[in-house]
Amino acid sequence: AQKVTQAQTEISVVEKEDVTLDCVYETRDTTYYLFWYKQPPSGELVFLIRRNSFDEQNEISGRYSWNFQKSTSSFNFTITASQVVDSAVYFCALSEIGNYGQNFVFGPGTRLSVLP
Amino acid sequence: GAGVSQSPRYKVAKRGQDVALRCDPISGHVSLFWYQQALGQGPEFLTYFQNEAQLDKSGLPSDRFFAERPEGSVSTLKIQRTQQEDSAVYLCASSFGDREDNQPQHFGDGTRLSIL
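Listed in order, the protein sequences are those of chains V and R.
Each residue of the first sequence is one higher than the one before, counting from 1 in my numbering.
Each residue of the second sequence is one higher than the one before, counting from 1 in my numbering.
Among these hints, one or two may not hold up.
[Claimed, not checked] Simulated crosslink set (DMTMM-like; lysine to aspartate or glutamate; CA at most 20 Å straight-line):
hint, chain 1, residue 1, chain 2, residue 2
1, V, K38, R, E44
2, R, K78, R, E68
3, R, K78, R, E44
4, V, K3, R, E44
5, R, K11, R, D109
6, V, K16, V, E44
7, V, K3, R, E100
8, R, K11, V, E15
9, R, K11, R, E100
10, V, K38, R, E68
[Stated by the list, open to error] Far from chain R by the CB rule (all over 10 Å, computed), these chain V residues:
hint, residue
11, E44
12, L45
13, N103
If you are wondering where the hints come from, they were derived from the structure by calculation, not from laboratory data.
The beta carbon of each residue, even a glycine, is placed where N, CA and C say it ideally should be.
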């Protein structure tokens, strides 16, 4: 079973639209971390956010916001008023710590295209 | 340099040849990771170093893959007797603390390996 699922393979929006990228994870550990990374066409993954399993507070950073819900094992990412520069592949990742060892797993990614 | 540096940026090799990929992490970073990213997929973990110690090589797909970090800084990923299925982007990442700290990983631009 896939530990990190990003059901949306590709999304296209028009500039200034809001867009939400979904991430659903699976773990048996009670302690874990979740991450979002952005991979622009240049190829380098850029860190966006880290959240630990004990902190369910939603977070906002400029046009970016994250909604962490343990009850549904989801960690969704919303971009408000999207811009062309937001076009990239976005990866959600899970880091597990616990009885089952250390494990860092990326999801398959969602390719976001923001059209002018 | 300020970021993680990988070389070469592109590598083309004939099937059966050996290749060596280099990663120069951010100075002072304890942890170093190698990932393999196939086209259209998320990065997959290969191996992890804490300083010069290779603590996890569970992701290496075969004994043709070998990694080292002899002085706890620069790392080399070597692939012997390359096969076509080895064609992928190889990403290196480093982070300040131990892997268990789950600090953000800083990625290089990757080496795109093509096996003919």
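The hints, checked one at a time:
1. V:K38 to R:E44: OK: V:K38 and R:E44 at ~16 Å, within 20 Å.
2. R:K78 to R:E68: holds (8 Å)
3. R:K78 to R:E44: holds (17 Å)
4. V:K3 to R:E44: Holds - the C-alpha atoms of R:E44 and V:K3 are around 12 Å apart, at most 20 Å.
5. R:K11 to R:D109: Holds, at roughly 13 Å.
6. V:K16 to V:E44: violated (25 Å)
7. V:K3 to R:E100: holds (19 Å)
8. R:K11 to V:E15: violated (36 Å)
9. R:K11 to R:E100: Given that 20 Å is the threshold and the Cα spacing comes to 33 Å, the pair is violated.
10. V:K38 to R:E68: Between V:K38 and R:E68 the Cα gap is close to 28 Å, so the pair fails against 20 Å, i.e. violated.
11. E44: violated (5 Å)
12. L45: Since the minimum Cβ distance to chain R is about 4 Å, V:L45 lies within 10 Å and the statement is violated.
13. N103: violated (8 Å)
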